[in-house]
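Engineer: The residues making up each chain are set out below.
Number of protein chains: 2
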Amino acid sequence: MTTSEASSSAAIVTAAILVIGDEILSGRTKDKNIGYIAEYLTNIGIELREVRVVPDVTEEIVAALNALRSRYTYVFTTGGIGPTHDDITADSVAAAFGVSIDYDPRAVAMLSERFSPAELNEARMRMARIPAGAELIANAISKAPGFNIGNVYVMAGVPAIMQAMLDVVAPTLRTGTKILSDTVRAGLREGDIGGPLAEIAKAHPAVSIGSYPFWSDTGPDTNIVVRSRETDKLQAAMVDVKAMISAQRANRN
Amino acid sequence: MTTSEASSSAAIVTAAILVIGDEILSGRTKDKNIGYIAEYLTNIGIELREVRVVPDVTEEIVAALNALRSRYTYVFTTGGIGPTHDDITADSVAAAFGVSIDYDPRAVAMLSERFSPAELNEARMRMARIPAGAELIANAISKAPGFNIGNVYVMAGVPAIMQAMLDVVAPTLRTGTKILSDTVRAGLREGDIGGPLAEIAKAHPAVSIGSYPFWSDTGPDTNIVVRSRETDKLQAAMVDVKAMISAQRANRN
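Here the protein sequences come in this chain order: A and B. Residues 10 to 262, numbered by the working numbering, are exactly what the first sequence covers, in order. Residues 10 to 262, numbered by the working numbering, are exactly what the second sequence covers, in order.
Pulled out of the complex, with its shape left as it was, chain A reads as follows (with noise of 0.2 Å):
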């Protein structure tokens, strides 16, 4: 479906989410940041391609890492960033791409914004652990920053500090053009429009378009988005689906 429509194109932006962390693994933590960042990707007109999660073990991270800065144009990462021994990604973000780590006098600076002198401990101070070469991405609720190194971008786990690096970060990239969506209700079950609807997307190649069946009040019915880049495109699809659904339904009547 989105095949076709991925083809190398200047206006095409792609990236990919990596979640860092055990107590996602276990099912201790539940993830909220991959449908945050997916939602805000999409509305900013970035391609968001694959997520993958892997546990604090430095050669899953750096693994994972490599494969996917190498395919998309953007990756970001969430969590292990904190002050404490499993908090080990800026570690492995800098053996991912080879170079050093060391204290940053600029990540020190930003957290002795927040703690003192005697607060600022060989664990706080783990926080200014930056690789070599990379950007900071400032934390506006808990200053220890977050950082960008080639198009990899760490920020944190904790879901209201991570949107505020994402905050930061956005305005910086380099985004595509929109993927524009259009969602009509089909009031009628899926399995009734899966054939029709396959030969619209037939038709339609240039469009990607995408049936969810959910449970109404009044029963199983079926939301029909169509997604696009070209209005016109995303237009003449959905006059085609909606046509077959007011078919569909005198059918069934």
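These are calculated hints, taken from the structure and not from any lab test. Treat the hints with care, since some could be wrong.
Pairs involving identical chains hold if they fit within one copy or between any two copies, as the list cannot separate such chains.
Unchecked claim - Below, a list of computed lysine to aspartate or glutamate pairs in the DMTMM-like style, where the Cα atoms sit at most 25 Å apart:
#1 K242 <-> E48
#2 K187 <-> D176
#3 K211 <-> E131
#4 K251 <-> E239
#5 K211 <-> D100
#6 K211 <-> E128
#7 K211 <-> E122
Based on these hints, arrange chain B on the given structure of chain A.
Structural biologist: The following block gives chain B in isolation, referenced to the frame of chain A:
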């Protein structure tokens, strides 16, 4: 952290989740399955090691599935097994395993419990297309089955249906020694305990210690989670964690 305990032991059973669907990557639908499956697997003694989310693109599904199924004891997929043109999971799984796919009489029989012959149109019959050699997973809610082939379990994306399928699958799975966990709320900021916590982690290599900051009504606080497959080792580490917390709190007052 988990690296040392992840040595090849008969008691360790691993898993990955593969979420399939453009709607998750666009942010239109917020995934509710990853957290549910993660917690479920932890509770029955299966260690979730990785999650990937990929779009409705055959080559992406095949590549991710082959990477994951060769690496972990089990792979659970969600999404893409409905009646419309964008439901390509079954075909992609058949391609990944290099087997044929065709209408499965057992699946047709299941669908016939819900749909009349007139309703069982070409679209709905898509849901009876099952890779050769697969076993079906019953679907108590909407009848259309999932399936199991090799170490891969293909389930629906709709949470209620996925959950019903997981209940069917779970008793058939090999499970390992359950990872036990214990949590203590420190009443301290994460950065205040990072140093001594790292020492405790080093002194208890068979135990995984996680530190999770949060904001409570009284200010910043931290949950310390100790995890291990061995009760005595978990308890020994927890004794040290609690003693450290007491010392730090006394220190602060």
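Engineer: Look at each hint and say if it fits the structure.
Structural biologist: A quick look at each hint next to the structure:
1. Taking CA atoms no more than 25 Å apart as the test, K242 paired with E48 passes inside one copy only; the shortest distance there is 22 Å, against 43 Å between copies.
2. In this assembly of identical chains, K187 and D176 lie within 25 Å of each other by CA distance solely inside one copy; the values are 18 Å within and 40 Å between copies.
3. For the homomeric pair K211 and E131, the shortest alpha-carbon distance between copies (16 Å) is at most 25 Å, but the shortest distance inside one copy (60 Å) is not.
4. Taking the shortest alpha-carbon separations for K251 and E239, only the intra-copy value of 18 Å comes in at or below 25 Å, while the best inter-copy value is 60 Å.
5. For a Cα distance limit of 25 Å, the shortest separation of K211 from D100 across copies, 18 Å, qualifies, whereas the shortest one inside one copy, 48 Å, does not.
6. When the C-alpha separation of K211 and E128 is checked against a cutoff of 25 Å, the pair qualifies only between copies, where the shortest distance is 23 Å, while the shortest distance within a copy is 63 Å.
7. In the homo-oligomer, the alpha carbons of K211 and E122 never lie at most 25 Å apart, since the shortest distance is 58 Å inside one protomer and 31 Å across protomers.
Checked against the numbered hints listed earlier, the structure breaks hint 7 alone; every other hint is satisfied.
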